[in-house]
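Visitor: Here's the letter readout for the chains.
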Amino acid sequence: MSTNAREEVARHKQANVMLSRVAGSLYWMSRYLERAENQARLIDVNLQILLDFGHVGAETLKAHWLPVLRSSGDEEQFFKLYETADNESATDFLTFRLENPNSLISCISNARENARQVRDQISSEMWEVLNDAYHFIQGADAKKIWNEGASAFYDQIKRYSHLFQGITVSTFSRVEGFEFIQFGKYLERADQITRLLDIKYHILLPKASDVGGAVDTAQWHAVLRSASAVEAYRRYYVADILFKKVVEFLLFDESFPRSLKFCCVQMEDFIELITDTSVESSISTEPRKRFEAFLSRLSKVTVDELFNSGMHQFLDTAQVEIAAIGAHLYTNFMYHPPVDIQAEIRFQQQQEQQQQ
Amino acid sequence: MLFDNYQTEDFFDEMFTADGTPRPHYQGVSDALNGVNAKEFCDKQNAVENAFMRGGVTFTVYNDSQGTERIFPFDCVPRVISAEEWDVVEKGLIQRLTALNMFLHDIYHEQKILKDRVIPPQYVLSAKHFRREFMNCSVPKDIYAHICGTDLIRDRDGNYLVLEDNLRCPSGASYMLENRNALKRTFPELFQASGVHPINEYAAKLLKVLQYCAPVKFAGDGAPNAVLLTPGVFNSAYFEHAFLARQMGVPIVEGRDLVVRDFKVFMRTTAGLVKVDVIYRRIDDDFLDPSVFRDDSLLGVPGLVNAYRAGNVSIANSIGTGVADDKVVYYFVPKMIKYYLGEDPILPNVDTYLASEPSDCSHILANLDKLVVKSANEAGGYGMLMGPWASKAEIEEFRKMIEENPRNFIGQNPISLSRHPTWTGDQFEGRHIDLRPYILYGEKIVVTPGGLTRVALRKGSLVVNSSQGGGSKDTWVLKQ
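Protein sequences, first through last, are from chains G and V.
So for the first sequence, this note's numbering puts the first residue at 1; every next one is plus one.
So for the second sequence, this note's numbering puts the first residue at 1001; every next one is plus one.
One chain only, chain V, in its complex shape (with noise of 0.2 Å):
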């Protein structure tokens, strides 16, 4: 049997018990898996391969003259959440969304949140993403982030905690919806005992969100026209936005596809200027409007922001909305929940100190080699301090950086992330693994039942990152 020699260690194993035998609610995929021999278990994970690379799920690696493509790597052992777990985690993520959103939208109007001193008002002001220009604009329904993918991980006892928030332009769920036909087609006796939540209706709620939030003076009949704005074909996440505007069956956009004119925003067709009134846009705020924000970027649309103030077009998320993603704003999420909501919240954060505050910032550097540092405003991975597998030199470089600008950096004690049995090309092996949902806000808040889990294919890694050697598996949400 394939899972004869697994070894769980140390660590909390998403599939088995510390005994070795299956949870409850992987006993279908464990039953299934014990049915399968190594070779049938290699040529699943190649038929699965073969499929993304024909159906072009690659990205482009960027430094190769060649063009060369690959695909992300994708390991075919589902990773399972039981309807009970998932009960507690769609509700704290609706909490979180739901906080969050209330913190933009006072940020921006009245700033109570500031007044009260629940956080200190210098760490939102002078936040990365925090745009002042936009202060007192008000956006349709309130709503300011329409889509938001937030990673959770899982400790040592099991317990889900939030490593970050993705407010500005969360990517994945292409590779999430992609993922479960990758499975379903190559390995459909996997699917038959378990009863898994279907994820294919993440398209069509993400249209009637971004309908729902037709701008204030939209008053066409019929539907609002939606389109998807790219950076380009040669974005590395141009396939996710390709896919996306596929099943939405909205025109996916480029900025020079776009023009504005009496501060509405236009598409050149073939039957000349059509009128646009929603975008969801995958380019940053930097780079929207170069009449506004840069001025180099050749991906924007010039005039789009006197067309999203004059409330002739809605952009999905909101501009501003970086500024939760800030890790040291993220810090005050707990609070947020309790100050906007009176409840406790359902899925805690990962311990932090903030290098800003005194106290907090002697601890840090005392325990550069023991903490994980982070920036405030970097993702992937990158702009990162592991300190237990540091070398000397990166811990004297990051002290160094700490103290130069203190407002840029937090400490977080390392989670052991929970790992999951991961193909190693010939035995299942535990890698580590998170977990990024995707969350809809639109006429109310809605979970995706399931999202991308993302693994650390090295041995031994906690980087789950696509960039930096990591993996992802189809995601089940079981209905009961």
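Okay, chain G solo, but in the shape it has when bound (with noise of 0.2 Å):
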């Protein structure tokens, strides 16, 4: 398309016009929250999972903490930092340090600062909760309220994450923005829930003969409580908590806003409007193929053989899909390289020498 025309095509869209850039953050913000979120959810149904098994020695501590570590990666960070995995120190980097770019902390900084780049582009409520929440957390007071009281803390960060919800399909409107900000929620959703199966595959896997006792049905009754999704279970299933159950409700059904099919639904309504808004033709359509083939292997995949063919395999997966349609969308609307400000300035000399 030539210029011209890109320019005919782009001042139709006047009104809802929005810079790559404000894009990009307002994607960012969304997915640092929601992983947040997340974590916040992870680390609290972790600390409480422990009260269950009375007194633990530190080994068995190690050996809880360690998968939890894992799933983000960063366990190579965490021991640079620390001796040894145990509550305190396992939290607390889960938690509070900077040095760990999924911890609380780094994410709800990274949300606000994301968010305070597109101040003039989102509702005052919603930068104020953002606000709140990285004042909360980084302030002089918080270790405190912690130590009060670890789980109202947690708490307390997940309501940031629901009030920000709340307000943002309140008062945002229904424009191209909206579309980057559930993308990128739906999308960190579903690479999360990927992560916490991925750690219970981890607990699960040295000890099959558990399969079934109390305390196998204490991990996955927190794998739920971590997916918000106990409730929710309990009501499609009217069942004791099953593995196989648990593992097919979080993956596959299709009404529970943080399964991962929903989560995919929703993630492809969403690609569909972004680049119906691009008059760019040149954008590949091969990753929306490609995300599109996996949409359909969700639906029809079974637990029983994804036992059978390797759940860790199939969670891998699901994660290298869900950050390949991520990067395409992210490269082709929300980034664009860094001009090469010398030969622009070279450029532009000409263009002015030729016109004289």
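A hint or two may mislead.
To be verified - Simulated coverage check for chain V against chain G, where a stretch passes if three residues somewhere in it have a Cβ under 8 Å from a Cβ of chain G: (1) 1051-1059; (2) 1247-1255; (3) 1297-1309.
Stated by the list, open to error - A few chain V residues facing chain G, derived, Cβ under 10 Å: (4) Ala1018; (5) Gln1211; (6) Val1233; (7) Ala1237; (8) Asp1262; (9) Phe1263; (10) Phe1287.
Note that these hints are calculated values from the structure, not bench results.
Built from N, CA and C at the ideal position, the CB exists for glycine as well.
Join these two chains into a complex; the hints should help.
Guide: What follows is the structure, encoded as structure tokens:
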């Protein structure tokens, strides 16, 4: 498309015009906050689960926390900072350490920093919630509040996220920016659910004999709680917590808003809307076809098949597919490679000389 | 009562006359405050500060790795200006901006005022912000300074004087608006009896100005596309940029979001390139276009000046307005008013001496311990010698600088700025204040009825700049 024609098309969309940089910030703002919410729940549940076990030794504690640390890929960084994984070191690392890019404090700071870059685009109420969350976790009192009750602390983080979702839905116009916010949210949530299940896989694998035992049930119960899914699960199955059912519910349920399937379908809807806005015909459709193929696999595969063919492999594939479609949208709609300033200066100076 | 021990001392106090009775236009505020005790006032003060923190009405402390954010200190007692006083201020500001704009047009075209020797040509031609490369370059509607913030002070007798003009990128309008919002929320009872002019149309008027100044070649249907150009999120005034952009509903862009092609400016959007017609820039001339000005600038847009010269984009304020901010040029503003308008200035300057005039220079050098000396192109309270309070070493340092480069310095008699009751944590004390009203130049010149009152919070200090311990107040202009 020529510059003129492109200009023409773009003119029609002026009311809705959105800088790519802004789209990128909205997307990351949303992803980071969603990540913070999931992490908060994960830490909280893992702290509580230990209460069911009574007294536990150092090895058990380590075995308990390592998969959690591993799930966000920060194990190496962790052991640079701490000698061993116990309640104190793990929660500190996952909550308060800026050295951990996925800690709550990092996620909230990043969400807020992205929001700050697009303050003119979001409602004051949205900004205020993120700003409050930032001052809450960054503040001098944060550790004190945590010591007085870790659960209440993580609840507060979750509440900020829920408040933000609610305010977004009720104050943000249904324009392009909304699509990027929602796409980011569902992408992050889908990714997190695969990581959550993968943690369970780490714990479960070495002790297959425990399946169905009391500890096992407690663990699967914790997985459901980590996904805010206990009530929804009970209502759907009206049954005990059985690991196959839990996996089935968290991966394939069509109406639960935190299941992998639900999130991926939402992603697909927003991808549709986002790509529709584009006037660039040169964007490859290959990544979209690939994601559609993944979606259709998600509709066909059964839990039994997964257990036979390898749960971990499936979760791995899911993460790769989610990351791939995310990267595709990011590079084509939200990110412009930086301009080579020196080349641009030479170009403009030549232009001017030709003019004279 | 909170004002029982209040002393006006030997200053012009905005609220009280020398015998301690409230001035008539402060009666409403005085009555309302007399119904409040110290604890209640503290609560209000805290509530405002929390509201600013929540809203992120903050600036970042630069030399702090934690990225600590602070609010600009705010004092809950409003500064009140009567309708009669404002009438004079408003007329004076309109007169001054009219003349300054004619001056800018003149020096970038015929230079009549220089040829007629009203201003010695070397002063203008040697000014740091004079842009000779824009000679004979016309700007839309002949408006150079679309947004102006003029700093006013009051002397011991209560006369309004002009301290300086800001015709580049004056800042602070967002604080004027936020201060009003904050005070309305926390102290509604203050407003009830007074009849205060609203100021909330500032952003809408600013947008009108930008649209009015669409480039000569703008031919689209509908309104021209305006954007606000910011240096970015790390700039200390970023809050203001985002605030104004949001209020106007225009995109806030950084240099990297814009690109120039075929002498036209485009922004890079999710829907491809979209043409930009008007740029409200919050970046100084020097950084605007690295292909013309400083080539180490990463903030600007290469080619922007080409597009501007070609008449495809408007820039507010125009390039080259900084020459009118030069403190030496300031000295000549009353003469400009006389020359262009044939009128006497309504708002006088502070008495000023030019170090580059031999007779003035010897006066300055002989009285360094009595005068305020300012460099011609510094702002924010920097590059300034406060003679009566300065050390011997500081005075000698300035003596050397003045002798080396007299063109760069002016001297002024220190003005005993007016004072205003200000909360010090447990009581009210008088603190020195100034006033920055905001003037918009579009279809006509409009002064927003209000402004930013800055207050020197340190006892006895005359420096109101936020970088040096200053705070601010809500500023009321009464309807009658």
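Visitor: For every hint, state whether the structure bears it out.
Guide: Hint check results:
1. 1051-1059: holds (count 4)
2. 1247-1255: holds (count 4)
3. 1297-1309: It holds: at least three residues are needed, and the segment 1297-1309 of chain V offers 4 whose Cβ sits within less than 8 Å of chain G.
4. Ala1018: violated (44 Å)
5. Gln1211: violated (14 Å)
6. Val1233: Hint holds; valine 1233 of chain V Cβ to chain G Cβ min 5 Å, cut 10 Å.
7. Ala1237: violated (13 Å)
8. Asp1262: Cβ of aspartate 1262 of chain V sits 7 Å from chain G, so the hint holds.
9. Phe1263: holds (7 Å)
10. Phe1287: violated (12 Å)
This entry does not satisfy hints 4, 5, 7 and 10, going by the numbered hints stated previously.
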